[in-house]
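> Chain by chain, the residues run as shown.
Protein chains: 2
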Amino acid sequence: MIKNIAITGGVHGNELTGAYLIKKFQKRPIKTKNINIDYILANPKAFKECKRYIDYDLNRSFSINALKEDSHFYEFERAKVIKERLKNCDFLLDLHSTTSNMKMSVVLSKDDEISNLIAKEIKNLHEDVYILRWFSNSEGDFINSIVPHSITLEVGPICQGVLDADIFFKTEKIVKSVIEMLDNNSFKKELNKTEVYDIVDIVDFPRENGEISAMIHPSLIGKDYSLLKKGDPIFVDFNGKEIFYENEPMYAVFINEAAYYEKKMAFCLCEKRYI
Amino acid sequence: MIKNIAITGGVHGNELTGAYLIKKFQKRPIKTKNINIDYILANPKAFKECKRYIDYDLNRSFSINALKEDSHFYEFERAKVIKERLKNCDFLLDLHSTTSNMKMSVVLSKDDEISNLIAKEIKNLHEDVYILRWFSNSEGDFINSIVPHSITLEVGPICQGVLDADIFFKTEKIVKSVIEMLDNNSFKKELNKTEVYDIVDIVDFPRENGEISAMIHPSLIGKDYSLLKKGDPIFVDFNGKEIFYENEPMYAVFINEAAYYEKKMAFCLCEKRYI
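Just so you know, the protein sequences line up as chains A and B, in that order. Per my numbering, the first sequence starts with residue 1, numbered consecutively. Per my numbering, the second sequence starts with residue 1, numbered consecutively.
Take these hints with a grain of salt, some might be off.
Note: identical chains are not told apart, hence a pair may lie in one copy or across any two.
Calculated cross-link-like contacts (lysine-lysine; reagent style DSS-like; alpha-carbon spacing at most 27 Å) [as the list claims (entries may be wrong)]: (1) K103 with K241; (2) K68 with K27; (3) K263 with K51; (4) K33 with K103; (5) K33 with K263; (6) K263 with K23; (7) K173 with K189; (8) K87 with K229; (9) K110 with K83; (10) K223 with K170; (11) K27 with K80; (12) K263 with K24; (13) K229 with K23; (14) K229 with K189; (15) K24 with K189; (16) K23 with K272; (17) K241 with K80; (18) K31 with K170; (19) K170 with K241; (20) K264 with K24; (21) K3 with K272; (22) K48 with K241; (23) K189 with K80; (24) K27 with K193; (25) K193 with K263.
Simulated from the structure, these hints should not be mistaken for lab results.
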């Protein structure tokens, strides 16, 4: 039974769409009949400074170790506070944006029936929605790991540190639609199998002595969710030399996301599956 | 006589196009016959941290006071070092990028004949080039203020913290063209009068208690250098209410530049003139 919902925005302080939506909802909460909603501006310090994070990526700060130890990292302490606040939360909707052309992506970070049904129902109700599954990363656990059910919205392309009205209202529309389906308990439909993209590998930029030595190829820029085939150009170095994809066909996502340069991720590779 | 040239990139550490061009040219300098070129990564600490600046905007740190006083601001100290390095510089080419749709803008920040001729010759040689003049701001002097002649390139739209191959090579092409005209002393042509856009006013976002309460209107996004007329929608608030332009016709530039949110600039207004 889904009763207590939380919506988080500004987990990354320079992703303004989610942060300003939270501020709007805090002033004017969405009216519901059956569910409670807690609106959380997740990283207020990073939001104030318009940075992704102060000391450590908050969305990698929910691992058991980070939640256990006293820390000089602002985000590790903030993660403990958020975990306490979400202790009765049944479902979390976490709002993000990306410089990649990810359109409206519903990200699942674990495989549970309720989250899957909600993701599928969003895709059923709205056009141009993609379901992406990202089950693990090596840096630390996502905020989603501390609640039983959750989805993340990743909308793009949008630069860090700016608002875009079209993207703001498009995200708000999806949020309201999720709240409505939870409030009416109307998401448990028998839906046909839906395509999902599972992140299975990560590709870094070519580097020399640790420094980036090539850029995303112009023909790959903006082509998130397109199929990469052997021989497709993926990078071009600073002298114009092209570098080609050499592996099995895969779908590329998070192409040229600004925040992933430091994570050594030029793009991610996905397999398409059906759930 | 233009003999000593400097090219600066990464004055803002998260504008990667200029920074990586400088790194490329430092490894493989452009061949010249008659001029010397000094390639300077202007804010290496901000570049390393992928931020616009550490303590203060370096491109507002060249006022007499900032250059005179000992300071705990990294950028004020860096400005003194750069001023010393540029003491024999005749012409500075400063490379920037912007999240606004400024295409290839040649920015003049003072009115001198040589800089004007170079700007006009760039516009003469290349398509889709705009000349923008920005003679003063209240925050502190630009790097251009410490050299006799200079132009700034502002290329966009591109997010902070990313490379875009098309924008990289387009900027490189203009840089090489400027170097060639300086090396061959071929810029002193009699050219027809050219249109330039003079920044004459700045428009902030609507705010409530200091916080942004509206976004750039979707019909204005990306419309840099277009004419704003009375009654045109310029903002939309978070509830969808439109806000309209009420003044004399002017041209809008730097629309929705990420770095200008904190400077209280939603866009700048220009008059079109001919030089």
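> Of all the hints given earlier, name the ones this structure violates by number, lowest first.
2, 4, 5, 8, 13, 14, 15, 16, 17, 21, 23, 24 and 25
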